[in-house]
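Number of protein chains: 2
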Amino acid sequence: MKAGERAYTVLRDDILNWRLAPGTPLAEIEQAERIGVSRTPVREALARLIAEGLVESRGRVDSVAAFSTDHLVELFEFREALETQAARLAARRRDPEVFRSLRDEFQLAAAKSSVDESERDAFYALVARFDAAVDRSVDNRYLTNALTGLRTHLVRARRLSRDNPERLARAAAEHLLITEAILAQDETLAVQATAVHLHSSLVNVMATLRQTEPQPA
Amino acid sequence: MKAGERAYTVLRDDILNWRLAPGTPLAEIEQAERIGVSRTPVREALARLIAEGLVESRGRVDSVAAFSTDHLVELFEFREALETQAARLAARRRDPEVFRSLRDEFQLAAAKSSVDESERDAFYALVARFDAAVDRSVDNRYLTNALTGLRTHLVRARRLSRDNPERLARAAAEHLLITEAILAQDETLAVQATAVHLHSSLVNVMATLRQTEPQPA
DNA sequence: TTCACCGTCAATGTATACAATGGAGTTCCA
DNA sequence: TGGAACTCCATTGTATACATTGACGGTGAA
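Residue numbers (this note's numbering), protein chains in the order written: chain A, 1 to 217; chain B, 1 to 217.
Keep in mind that the hints are not guaranteed to be accurate.
What the hints assert, rightly or not - If you want a taste of the chain B side facing chain A, the calculated C-beta under 7 angstroms gives, among others:
1) ALA81
2) GLN85
3) ALA146
Unchecked claim - Across the chosen pairs, the derived CB separations fall in these ranges:
4) B:LEU108 <-> A:VAL127: 34 to 42 angstroms
5) A:VAL127 <-> B:SER57: 26 to 34 angstroms
6) A:VAL127 <-> B:ASN164: 28 to 36 angstroms
7) B:ASN145 <-> A:THR9: 19 to 27 angstroms
8) B:ARG60 <-> A:ASN145: 16 to 24 angstroms
9) A:ASN17 <-> B:ARG159: 42 to 50 angstroms
10) A:ARG158 <-> B:LYS2: 34 to 42 angstroms
11) B:ARG159 <-> A:VAL127: 38 to 46 angstroms
In short, the hints are calculated from the structure, not lab data.
The structure presented is a predicted model; accordingly, all values stated were derived computationally and were not measured.
A virtual CB, placed ideally from N, CA and C, is assigned to each residue, including glycine.
Start from the sequences and build out the full structure, keeping to the hints where you can.
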């Protein structure tokens with residue numbers, strides 16, 4: 001693997017998994033030594049991370065981008081813009097076969113009253129396949145690009161909340177509705193079901209946060 | 001000015017103004033010599049341009065990103081996602097004073113049946129101030145960031161079409177409606193007026209294109 | 001004691017030397 | 001004659017030396 005890629009992967013992974021906390025300064029030499037490459041690929045990696053919004057360049061020092069409740073709300077407003085449009089376009093252009101099969105899978109998941117811990121990863125994988133199917137249907141490089149960047153930030157956000165089994169089952173039901181709307185080429189319903197899902201999702205995260213950290217610093 | 005900034009500015013400017021045509025390969029050494037800096041800042045500039053989507057990295061060669069009619073349509077689908085959401089949030093949070101003053105200005109521009117060549121730059125400047133006011137009202141870093149990137153691509157797209165005086169006057173009327181909706185905090189109307197504006201805008205560009213280039217390569 | 005100036009230094013910014021890589025052309029074999 | 005492999009070369013990838021800059025602390029004078 002090329003050094004630049006390595007530096008990027010390591011730093012990105014550390015940031016997404018909160019091993020590098022928001023605000024942590026990222027000095028070139030220090031990171032270069034830690035990762036085991038020279039400053040040049042580190043600079044390249046930092047440039048990419050800044051462009052993605054995972055690193056902030058304040059003055060001369062780069063540091064891990066902040067992430068607070070405010071960020072979360074803003075992220076979901078942005079997400080609403082992208083995902084409702086994606087749902088609309090997917091409904092317009094979807095391949096029926098793909099979404100029929102996704103519908104069947106979401107039906108199975110939604111039939112349960114809760115999604116067990118052991119099935120959690122499988123459910124996330126299903127959602128990821130749904131996202132990929134939407135991307136392919138939408139077939140719009142600008143939108144897909146933006147969605148990819150958005151999902152990166154959502155990975156970081158996920159660590160803030162806790163998806164319990166009941167929430168996952170409800171999420172499955174919400175995805176089922178969106179999938180059905182896309183399959184039926186009902187653009188309006190696809191948009192609105194997506195908005196509903198995002199609302200529930202944000203409410204759940206915020207509730208979790210209030211539970212976990214009653215007193216934010 | 002720092003060399004990296006210089007390289008970025010020069011390349012970006014050349015791409016946006018079509019002095020570097022889509023598909024033009026951007027070899028590091030060649031560009032470094034042309035701009036008068038070393039390869040390092042050129043690499044940094046290219047990285048930023050790739051992140052912005054103005055340069056594509058196909059295999060080992062970077063080249064100016066393609067831009068076709070397809071891209072234009074996709075760009076406007078993306079634009080619809082961002083700008084309708086921006087309009088909604090701006091309507092929710094706007095400072096009345098700011099939009100009252102913008103409304104008055106758009107009223108003046110829309111009152112004319114056509115916006116003269118000499119007033120064109122002034123009108124674009126007005127739209128830019130409108131965009132800035134929306135950004136400030138929306139107050140969402142992710143959305144604002146995405147909008148900034150979008151506008152960059154729109155600058156490049158503008159060179160494809162020709163805004164005639166009648167179109168500009170209609171654009172003023174459309175902006176007036178959006179501004180009024182935001183001022184009235186009518187989120188639904190703000191969204192829909194924005195969608196209407198984008199539709200008209202795209203129709204105009206496409207018509208211009210068919211006129212200019214009846215036979216696309 | 002306080003403030004302004006200056007020197008030191010640690011960090012980033014830039015250039016360049018060197019390594020690795022991938023592609024084009026050529027040669028040789030089947 | 002077709003194609004496979006090899007060689008050469010141009011270009012990118014990486015490391016590092018050197019330049020620049022901005023911050024901090026110390027020293028001096030008011």
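A quick look at each hint next to the structure:
1. Contact between ALA81 of chain B and chain A, as hinted, is supported at the beta carbon level, the nearest pair being about 3 angstroms apart and thus within 7 angstroms.
2. Using the Cβ-Cβ criterion of 7 angstroms, the hint placing GLN85 of chain B at the interface with chain A is satisfied: the shortest such distance is roughly 3 angstroms.
3. Taken as an interface hint, ALA146 of chain B checks out: its beta carbon lies about 6 angstroms from the nearest beta carbon of chain A, inside 7 angstroms.
4. In this structure the supplied range 34 to 42 angstroms is violated for LEU108 of chain B paired with VAL127 of chain A, their Cβ-Cβ distance being about 51 angstroms.
5. Under the hint 26 to 34 angstroms, the C-beta atoms of VAL127 of chain A and SER57 of chain B, about 29 angstroms apart, fit the expected range.
6. Here the CB-CB span from VAL127 of chain A to ASN164 of chain B is close to 48 angstroms, at odds with the stated 28 to 36 angstroms.
7. At about 23 angstroms, the beta-carbon gap between ASN145 of chain B and THR9 of chain A stays in the expected band of 19 to 27 angstroms.
8. With their beta carbons about 21 angstroms apart, ARG60 of chain B and ASN145 of chain A fall inside the hinted range of 16 to 24 angstroms.
9. Remark: the range hint 42 to 50 angstroms for ASN17 of chain A to ARG159 of chain B is upheld by a beta-carbon distance near 44 angstroms.
10. As the Cβ distance of ARG158 of chain A to LYS2 of chain B is approximately 37 angstroms, the hint placing it in 34 to 42 angstroms holds.
11. Taking the beta carbon of each, ARG159 of chain B and VAL127 of chain A are about 40 angstroms apart, inside 38 to 46 angstroms as hinted.
In terms of the numbered hints stated before, the structure departs from hints 4, 6, listed from lowest to highest.
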